[in-house]
Structure formats: C-alpha cells, structure tokens
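The working numbering applies: residue 553 is where the sequence shown begins, and numbers increase by one.
Among the hints, a few may not be true.
[Claimed, not checked] Now the in silico label distances, taken between C-beta atoms and shown as ranges:
| # | residue 1 | residue 2 | range |
| --- | --- | --- | --- |
| 1 | Val556 | Ile578 | 28 to 36 Å |
| 2 | His581 | Thr555 | 20 to 28 Å |
| 3 | Met570 | Arg609 | 21 to 29 Å |
| 4 | Ala573 | Leu600 | 13 to 21 Å |
| 5 | Gly583 | His560 | 40 to 48 Å |
Hint data in this document are derived by calculation from the structure and do not stem from the laboratory.
Please read these numbers as outputs of a predicted model, since none were measured by experiment.
Beta carbons: idealized from backbone N, C-alpha and C, even for Gly.
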Amino acid sequence: MRTVNLLHDVMGPAAGAMLLALGLRIHRHGGSVGWVIAGAAALILSTLWVARRRSARHRKTTPQP
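Starting from the given sequences, assemble the full structure and let the hints guide the process.
Structure (structure tokens):
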C-alpha cells in the first residue's frame with residue numbers, strides 16, 4: 553500500500569505541472585492567459601493537497617496508556 557500512496561503523491565503535482573505546460577503552450581499560440589492561470593492553480597492546489605495528505609499520515613497520535 554505504501555507504493556500506491558507514493559505513486560498517488562507523485563502523480564498529483566505531475567498532473568498539475570502537465571496542465572501548466574499545456575496552458576503555457578496554448579497561451580503562446582494565441583490562447584487566453586486564463587489557461588496559464590488555471591494550470592498554475594492546478595499545480596499549487598495539487599501540491600498543497602499532497603502536503604496535507606502526507607502531514608495527516610505523519611501526524612497520527614500515539615495512544616495514551
């Protein structure tokens with residue numbers, strides 16, 4: 553299960569980076585700047601989501617006796 557979690561954590565920012573690259577390419581060919589903004593937002597949100605997931609996994613409390 554650890555490899556699935558790791559793969560999931562890597563694919564979130566990778567998908568955001570691909571959307572940003574696609575937005576930049578569309579903008580360079582005459583598209584709206586909204587594509588770049590949407591790609592950057594996807595990258596930032598996916599990175600924050602992965603960070604929240606990882607911190608929640610590491611923050612598990614230890615049982616009190």
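So, going through the hints one by one against the coordinates:
At about 32 Å, the beta-carbon gap between Val556 and Ile578 stays in the expected band of 28 to 36 Å. Checked against the given bound of 20 to 28 Å, the beta carbons of His581 and Thr555, roughly 38 Å apart, lie outside it. Met570 and Arg609 have their C-beta atoms about 25 Å apart, which keeps the hinted 21 to 29 Å range intact. At roughly 19 Å, the beta-carbon separation of Ala573 and Leu600 lies within the given 13 to 21 Å, and the hint holds.
Checking the proposed 40 to 48 Å range against Gly583 and His560 shows it is violated: the Cβ atoms sit about 30 Å from each other.
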